Amino acid sequence: MSKEAKPESMSLHPLGGGAEVTTEQEPLCVFGTGDMGRSLGQRLLQTGYKVAYGSRRPLGCGPVPQGAQVMSYADAAQLASVVFVCIHREHYGLMEKLSSQLKGKVLVDVSNNPEQNLYPEANAVYLQRLLPGSHVVKAFNTLSAWALQNGPSDACRQVYVCGNSAEAKQAVAEVATKMGLTVLDRGSLSASQELEDFPLQLFPEWRLPLQIAVGLTAFFFFYVLIRDVIYSYVDQGKDISFRIMVSLANKVFPIVSLIMLSLCYLPGVIAAFLQLYRGTKYRRFPDWLDRWMLCRKQLGLLALALAFLHVLYTLIIPIRYYVRFKSWEYVITQVKENQTSKFDTTVAWRSDSYLSVGILGFGLYVLLGITSLPSVSNALSWREFSYVQSKLGHVTLFLCTLHTYLYGWDRFLRPSTYKWYTPPGFMLSLVVPSVVLVLKVLLLVPCVDRSVTRIRRGWERTQPDEEKTLLT
Amino acid sequence: MSKEAKPESMSLHPLGGGAEVTTEQEPLCVFGTGDMGRSLGQRLLQTGYKVAYGSRRPLGCGPVPQGAQVMSYADAAQLASVVFVCIHREHYGLMEKLSSQLKGKVLVDVSNNPEQNLYPEANAVYLQRLLPGSHVVKAFNTLSAWALQNGPSDACRQVYVCGNSAEAKQAVAEVATKMGLTVLDRGSLSASQELEDFPLQLFPEWRLPLQIAVGLTAFFFFYVLIRDVIYSYVDQGKDISFRIMVSLANKVFPIVSLIMLSLCYLPGVIAAFLQLYRGTKYRRFPDWLDRWMLCRKQLGLLALALAFLHVLYTLIIPIRYYVRFKSWEYVITQVKENQTSKFDTTVAWRSDSYLSVGILGFGLYVLLGITSLPSVSNALSWREFSYVQSKLGHVTLFLCTLHTYLYGWDRFLRPSTYKWYTPPGFMLSLVVPSVVLVLKVLLLVPCVDRSVTRIRRGWERTQPDEEKTLLT
Amino acid sequence: MSKEAKPESMSLHPLGGGAEVTTEQEPLCVFGTGDMGRSLGQRLLQTGYKVAYGSRRPLGCGPVPQGAQVMSYADAAQLASVVFVCIHREHYGLMEKLSSQLKGKVLVDVSNNPEQNLYPEANAVYLQRLLPGSHVVKAFNTLSAWALQNGPSDACRQVYVCGNSAEAKQAVAEVATKMGLTVLDRGSLSASQELEDFPLQLFPEWRLPLQIAVGLTAFFFFYVLIRDVIYSYVDQGKDISFRIMVSLANKVFPIVSLIMLSLCYLPGVIAAFLQLYRGTKYRRFPDWLDRWMLCRKQLGLLALALAFLHVLYTLIIPIRYYVRFKSWEYVITQVKENQTSKFDTTVAWRSDSYLSVGILGFGLYVLLGITSLPSVSNALSWREFSYVQSKLGHVTLFLCTLHTYLYGWDRFLRPSTYKWYTPPGFMLSLVVPSVVLVLKVLLLVPCVDRSVTRIRRGWERTQPDEEKTLLT
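Protein chains in written order, with the UniProt record's numbering: chain X, 1 to 472; chain F, 1 to 472; chain V, 1 to 472.
Don't take each hint at face value.
A pair counts as met if it fits within one copy or between any two copies, since identical chains are not told apart.
[As the list claims (entries may be wrong)] Below, in silico cross-link-like pairs of lysine-lysine (BS3-like), each with a Cα-Cα straight-line distance of 27 Å or less: (1) Lys238 / Lys297; (2) Lys342 / Lys238; (3) Lys50 / Lys391; (4) Lys326 / Lys336; (5) Lys178 / Lys297; (6) Lys419 / Lys97; (7) Lys326 / Lys178; (8) Lys440 / Lys103; (9) Lys391 / Lys297; (10) Lys391 / Lys97; (11) Lys178 / Lys238; (12) Lys326 / Lys342; (13) Lys50 / Lys238; (14) Lys50 / Lys178; (15) Lys326 / Lys238; (16) Lys238 / Lys419; (17) Lys103 / Lys336; (18) Lys391 / Lys440; (19) Lys440 / Lys342; (20) Lys103 / Lys281.
For the record, the hints were derived by calculation from the structure and aren't laboratory data. The structure displayed is predicted, hence computed values, not measured ones.
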């Protein structure tokens, strides 16, 4: 250890191989003492670096982390070869005056914009244009000041870096690695627009599944509204509009949930048949199928949320005023008219089976949801994950579909079901899941299964002698 | 970079820059073969280090990890420049005799105490006092033997290091980094007391929210007890004490849950108005507000737990003996007295709306809870997280408040509601949420919203020309 | 490695000590352009390495990541000293022809087999046998192509490495570390069988708990079936087989759930008494106890799943046709026979208490489940985790046991309960939890507690003067 202080070795290792040596020599410079500047500086100090803040008002800039120096921009820039620019884009003009002091230095642009498309060019590109003699690197902007202060964890551990100078990027990567972060190189500075848009994203991968959910919900809401409330009003003159709040919701939610669950498993089945038809797995799927497959998780989680609501709506049924009233009315009528109804074992079987299958289906559904949590799915091996999501997933779909068939029971054959010649909503909801299950059963037929497995392991029908590479 | 090829630099850097070289040269030494010693040694071996154990009874010390040597303390100390002291504090006296062998060496104190405040000084400080010639570094004590053996993950990945010698800390940091851990420097050895208290902490950030929850629950329990059970006994001579178990619980839990949910969002609203009033975001909030804001997550999760209990208590209502008895009694009375009640659509609307709004509110509430899981919130961008927690959070608060207003309905105006001139509990629970929602609506008024946004982006009313630094 | 100290060694050891230097000099080579080859190459490029693909058909091999070169195997092998072999085992024969080009090179075998025990020897061992002049290292096979492409997170961050050459392993470890992964050395190449079996594992630690759950469920199902359905048929000639779907399920699930929850806490109690009896904690537990303790988490989570189903089955009771029919029948009979039943406060107390205790028990149970999520338990200190899992766990067990006792109530004494002289299922389920709770109470007696604590801190009855090492 003591030998480390040897003069000749120190100066020779500015960034590579012995970053800790740097600590002794040259501080890092942080421009700006706002939230981001303070958090970044504090973290750098904790990691063992010396930090010099550059500020327009070195004396009146507010509190900086203990152990850091504050000085003017020009003085701070002189001290370090790496400068973190934690200043709003609007004040980048200030930097232009420092172009001589910043010449040849690595400038790390950590800035974000409050909104997308506020400026014609990315902040980092703008900074590079202002200071052509410096090496601008875009980095750290996807980390929040909060994450920097509290120590990064899990997903927050990734730092995306882009810039035109490989050496400058390497210098920044060294610092980030020392801070316990994982560095991902995203190429040249032209990628900085993408990096700056990243923290402004709002659930991009949820957009399509949400649109599908909203669209289906709206469609089935009006469908059921017409068949139930409006039909009742037109046909019998009865106003049952109060049923919108619970009864209709409890019809629409399970319908949409079942359809969306089956939409999760449909693309997998289509893909298998496509591979069978093509006889290879090396040709790309059409774009729409790729996009569809990428949003299966979101489709499934939305379906689970709707199933959860369906469970709650079902469980409160006996508490509803309407249900209690009807129940009392029924008993009173029975007593008054001296009727006796007989207990029907078949109805009991059907009613209990339908409830029991629904509960088991929902139980598995919740299990699928839990294994979708990042920390749980990360702890599973690939085989375990696919076992749960594929095998248990299809069993869930089967149980939920069976639940709906049992719910329907003899209503499929009763003419009174088809008001205004339309089938009830739950029948419509059975179409896609039934198709998926039938196709899945076809794929499980031994000879088909064998072909698919062979193709997925790299076998090709048309090029039997070719090299086959590893699947995973 | 290329200069690294210089011949003399290689051999001079035993730990820096080329830690793998060390493997060939010098083992690390572990004193003590207990759980911690064994786990640490095993992990060091897996990482590629050679390990020599020091033991008082080298021959009878029990199993050590395969590949490690066991020898006397003195022999082991001779071999290595870094010694991990995995011995109970009570036996530190043994170390004093080794002071000559340990002179100049780095001693890593990994010890923890079974309780806080057991000794007047931290273990590491005590060790340094016993061996003034060695460089004591406190480290690794926040990792459990279990985590070391099974490989660290996520939060367990952080190693806090403190010590008086920067070089000694650097040497320990190198080893920790090689083990896949993230190092955070906590300064000089005087910080070791804090590090030793860390693993003994028991939910410090939950204490205040729990106290609030318990206090509110106790208050409302007695309030409702007096208004329901005691009033009924005094006024009508009826003993309805059995209602404590379910009915009272199901009044107290939702009341406290709603108040605590609104307490989550109150500090944010207060902070916004404070910033508006001050015209800057650069002045610190008062301490009480800071503390309050830091425990919002815990407040919200406790409120969610109580809401979950409320849901369960509500759903079992129809199973209760009391409810079934009253229902039967009602029907029998109706039949006997030949009464007929008429179906009231307004009541049906109100009852269904109140249930439906409650279910939707609870659904969103669960969503907020899920996004609070560390692995989920880490996977969200800052904007996504704040969208969920702020926007959806306020919608949740609105739905839950509406649920309570709908529950109250015309009871607000009925004089019989105000037993002993006191309002029922649910009315009291509406005060804070209503205030929060009104203030939040005020903040959403365009001109106010614009001012707040401007201030949060760094604008200051009093210093219009000053430098503004990056928010995040 | 030892050559690293030599001046010319820098250019020869691109991977040791200064991995970033490599970027400038020597590419890494990837054989095979399948899923794994592409993903690995892309990640290496992102990390800053140059990548050369070796392919049998350099011109027709399909898309490779941008920035990578594609050439023949022989040419690619020439360029790099580290070669990632991303080819199916069946095509390893191709490699034999390249033995001269691959001589002295580090070959990283990343392959997995589709099934266990497909081949007599591990893929990596086979590769080493084919190419005795190369240094085969098994690594990266536990990462999926998916995880490599999307950046590793949490558990996916660990790379297991084994091989016969320490230098070759070091070279691979350097690359993995640069990629943000944590390296664990698993020893010589003979460990590769174990590493190759790893991704094919299917919930090995869940097998025993699942067998217990299925065994108990089957036993209690038939037990309850005989006592309920068959007894009713034999004794009264009534067919109540429809009760299988809900009533029987709702008896079996809570019974098995309670037993499994108590099986979670039984081994801890046994271990404490064993330590008390032996007077030391340094002797190993018998194997069956070790295995039992290792699957406590899985036992508990399965018990929670069954408790969850029990809750759902209970909550749908009032919706069941059978229950509604019986309820109406009861009222109608009462009216017709002009009976009046009196409200029984004791029954109300018991019914409400039993429900309320069950709800609180389930609430705590869910809390235990949430703290078992990897990301949550990682965020807890050791003391916090053991507080929740041990203290709250025993409270949960107590509440659930009390719930069952309250459910039984006076049925314990009623002779009609014991059909065919057998106790009902819920009584059987009370045996183990009652034993666990009694033993736990014994351990909480101050003098016993003190002894256990002392032993767990390292005190030994038989060797009072010996050295005691650190617990954790």
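Evaluation of the provided hints:
1. For the identical chains of this complex, Lys238 and Lys297 are neighbours neither inside a copy (43 Å) nor across copies (48 Å), given an alpha-carbon limit of 27 Å.
2. Proximity of Lys342 to Lys238 under the C-alpha cut-off of 27 Å is restricted to the inter-copy arrangement: shortest distance 14 Å between copies versus 30 Å within a copy.
3. Proximity of Lys50 to Lys391 under the C-alpha cut-off of 27 Å is found in neither arrangement, the shortest distances being 55 Å within a copy and 40 Å between copies.
4. In this homomeric assembly, Lys326 and Lys336 come within 27 Å of each other (Cα to Cα) both inside a single copy, at 15 Å, and across copies, at 18 Å.
5. Taking the shortest alpha-carbon separations for Lys178 and Lys297, neither the intra-copy value of 35 Å nor the inter-copy value of 30 Å comes in at or below 27 Å.
6. For the identical chains of this complex, Lys419 and Lys97 are neighbours neither inside a copy (78 Å) nor across copies (75 Å), given an alpha-carbon limit of 27 Å.
7. Taking the shortest Cα distances, Lys326 and Lys178 never come within 27 Å of each other, neither inside one copy (70 Å) nor across copies (70 Å).
8. For the homomeric pair Lys440 and Lys103, neither the shortest alpha-carbon distance inside one copy (64 Å) nor that between copies (49 Å) is at most 27 Å.
9. With identical chains, the CA atoms of Lys391 and Lys297 are at most 27 Å apart both within one copy (15 Å) and between copies (24 Å).
10. When the C-alpha separation of Lys391 and Lys97 is checked against a cutoff of 27 Å, the pair qualifies neither within a copy, at 64 Å, nor between copies, at 42 Å.
11. For the identical chains of this complex, Lys178 and Lys238 are neighbours neither inside a copy (73 Å) nor across copies (72 Å), given an alpha-carbon limit of 27 Å.
12. For a Cα distance limit of 27 Å, the shortest separation of Lys326 from Lys342 qualifies both inside one copy, at 19 Å, and across copies, at 11 Å.
13. In the homo-oligomer, the alpha carbons of Lys50 and Lys238 never lie at most 27 Å apart, since the shortest distance is 79 Å inside one protomer and 75 Å across protomers.
14. With identical chains, the CA atoms of Lys50 and Lys178 are at most 27 Å apart both within one copy (13 Å) and between copies (23 Å).
15. Taking the shortest Cα distances, Lys326 and Lys238 sit within 27 Å of each other inside one copy (15 Å), while across copies they are farther apart (30 Å).
16. Proximity of Lys238 and Lys419 under a CA criterion of 27 Å is satisfied intra-copy only: 15 Å inside one chain copy versus 39 Å between copies.
17. For the identical chains of this complex, Lys103 and Lys336 are neighbours neither inside a copy (99 Å) nor across copies (99 Å), given an alpha-carbon limit of 27 Å.
18. Only within a single protomer do Lys391 and Lys440 lie at most 27 Å apart by alpha-carbon distance; the minimum there is 11 Å, versus 41 Å between protomers.
19. Taking the closest pair of Cα atoms, Lys440 and Lys342 never come within 27 Å of each other, the shortest separation being 42 Å inside a single copy and 52 Å across copies.
20. Taking the closest pair of Cα atoms, Lys103 and Lys281 never come within 27 Å of each other, the shortest separation being 52 Å inside a single copy and 34 Å across copies.
In this structure, the earlier hints numbered 1, 3, 5, 6, 7, 8, 10, 11, 13, 17, 19, 20 are contradicted, and the remaining ones agree with it.
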